[in-house]
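*Asks:* For this one, chain A is given, so just place chain B on it according to the hints.
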Amino acid sequence: TQLLEQSPQFLSIQEGENLTVYCNSSSVFSSLQWYRQEPGEGPVLLVTVVTGGEVKKLKRLTFQFGDARKDSSLHITAAQPGDTGLYLCAGGYYGQNFVFGPGTRLSVLP
Amino acid sequence: DAGVTQSPTHLIKTRGQQVTLRCSPKSGHDTVSWYQQALGQGPQFIFQYYEEEERQRGNFPDRFSGHQFPNYSSELNVNALLLGDSALYLCASSSGTGFHQPQHFGDGTRLSIL
Chain A
12 TQLLEQSPQF
22 LSIQEGENLT
32 VYCNSSSVFS
42 SLQWYRQEPG
52 EGPVLLVTVV
62 TGGEVKKLKR
72 LTFQFGDARK
82 DSSLHITAAQ
92 PGDTGLYLCA
102 GGYYGQNFVF
112 GPGTRLSVLP
Chain B
13 DAGVTQSPTH
23 LIKTRGQQVT
33 LRCSPKSGHD
43 TVSWYQQALG
53 QGPQFIFQYY
63 EEEERQRGNF
73 PDRFSGHQFP
83 NYSSELNVNA
93 LLLGDSALYL
103 CASSSGTGFH
113 QPQHFGDGTR
123 LSIL
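The listed protein sequences correspond, in order, to chains A and B.
Sequential numbering from 12 applies to the first sequence in my numbering.
Sequential numbering from 13 applies to the second sequence in my numbering.
With the rest of the complex left out, here is chain B:
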C-alpha cells in the first residue's frame, strides 16, 4: 500500500521562474493539502483540494495555485518565484476535509531558489 508520493524530491530554480510540484495521495484518500515548511519552522498551510476544487486556503499570495485531478492526485504551481519561496513543500492526504482527520504526509519536495 503506497503512501503519499511527491515529485521531484529536489528542485533548483532561479528568481522569476515558475515551478510545478506533484503529489499522489495515499490509496483511498480523496483530499490533498499542501504545506510550506521553511528551514527551522513548522509547516504552513497553503491550501486544500477536494473533489477537484480548492476548499480552503491559507495566507499565501495568488502566485501559489493548485489543481486536483479526477484520480485525486494534485499539483502545486508557483509563479514568479522569489528567494523567500525556498522551502520544503509537503503534501498531505486524508479521507475527507476535516482537519481532525489523520493526515498522511509525503517526504516533500525541497525547492531552492537562486
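Pulled out of the complex, with its shape left as it was, chain A reads as follows:
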C-alpha cells in the first residue's frame, strides 16, 4: 500500500515570507500532481510532474520532483493571503491507483 506523507501539516506565515512544503512516498511515482483546495470547493490542479529532477514554475510557485521520483516540494515566494488553502500532493503509481496525501494547510496572514 502506497503512503504519501506531507509536511508540515499546518503552516501559518506572514504576507511576504517564503515557504516550502514537502511530499514524500516510500514508492516511486509514475507521475505527481499538486492541487490547492479552498474551503467548500474541490481541489484545483496546479501542476503535473513526470520526469525525475523536473522543475516547473507557476508565477510565484516553484515545483520540484525528486531525482528518484519519490518526493516533491512546492516553494512559494513572497506569499500572499490569496495563497491560503490546503495544498495536496497526489501520486500515480505504476499499475496502482491514484493516492492523495493528507495535505498541508497554509494560512498567510496580512
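Rather than coming from a laboratory, the hints here were simulated on the basis of the structure.
Check each hint, because a few of them may be wrong.
As the list claims (entries may be wrong) - Computed far set for chain B versus chain A, every beta-carbon distance over 12 Å: (1) A14; (2) V16; (3) L23; (4) I24; (5) G52; (6) Q60; (7) F81; (8) H112.
Said to hold, decoys possible - Computed from the model, here is a short list of chain A residues facing chain B with C-beta under 10 Å: (9) S37; (10) S41; (11) S42; (12) Y46; (13) V66; (14) Y104; (15) N108; (16) G112.
Nothing here was measured: the structure is a model prediction, and the numbers come from that model.
For every residue, glycine included, the Cβ atom is placed at its ideal position computed from N, Cα and C.
*Replies:* Chain B alone, transformed into the frame defined by chain A:
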C-alpha cells in the same frame, strides 16, 4: 464552458439508508473518478468509470457502487449507510484514464449521516 457539476451540494441521511450522488463531467471529458474526503484529510480514491465500465477501484467495500451513462455523466451509490460514511464526496473528470491526465474536480456533495 461548464466545469464539473455535482448534485446535491448537501445531503443528510440516517444509518442504514441508501444514497445516490450525481456528477456531470467537464465538456469534452470522458472519464469520471469518485473520491471520499473525510474532514481534515486528503481525498481517497473510490473508483473510476470510462466507457460506462468501472476501470479501477480503491479500497472501498461493495456498498459503494457506481454507474456511467452514455453522455459520460456518473452516479455514486452507497447502500447501508454508516456513520463513518459522513464525508465530502468529490467527482473528478478527465480525458482518458491515465492518472497523469489533468483531473478537474467538482465542489463536492457534503454527506452527513445521523
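*Asks:* Quick check: which numbered hints come out false for this structure?
*Replies:* Hints 2, 5, 6, 8, 9 and 13 contradicted; others consistent.
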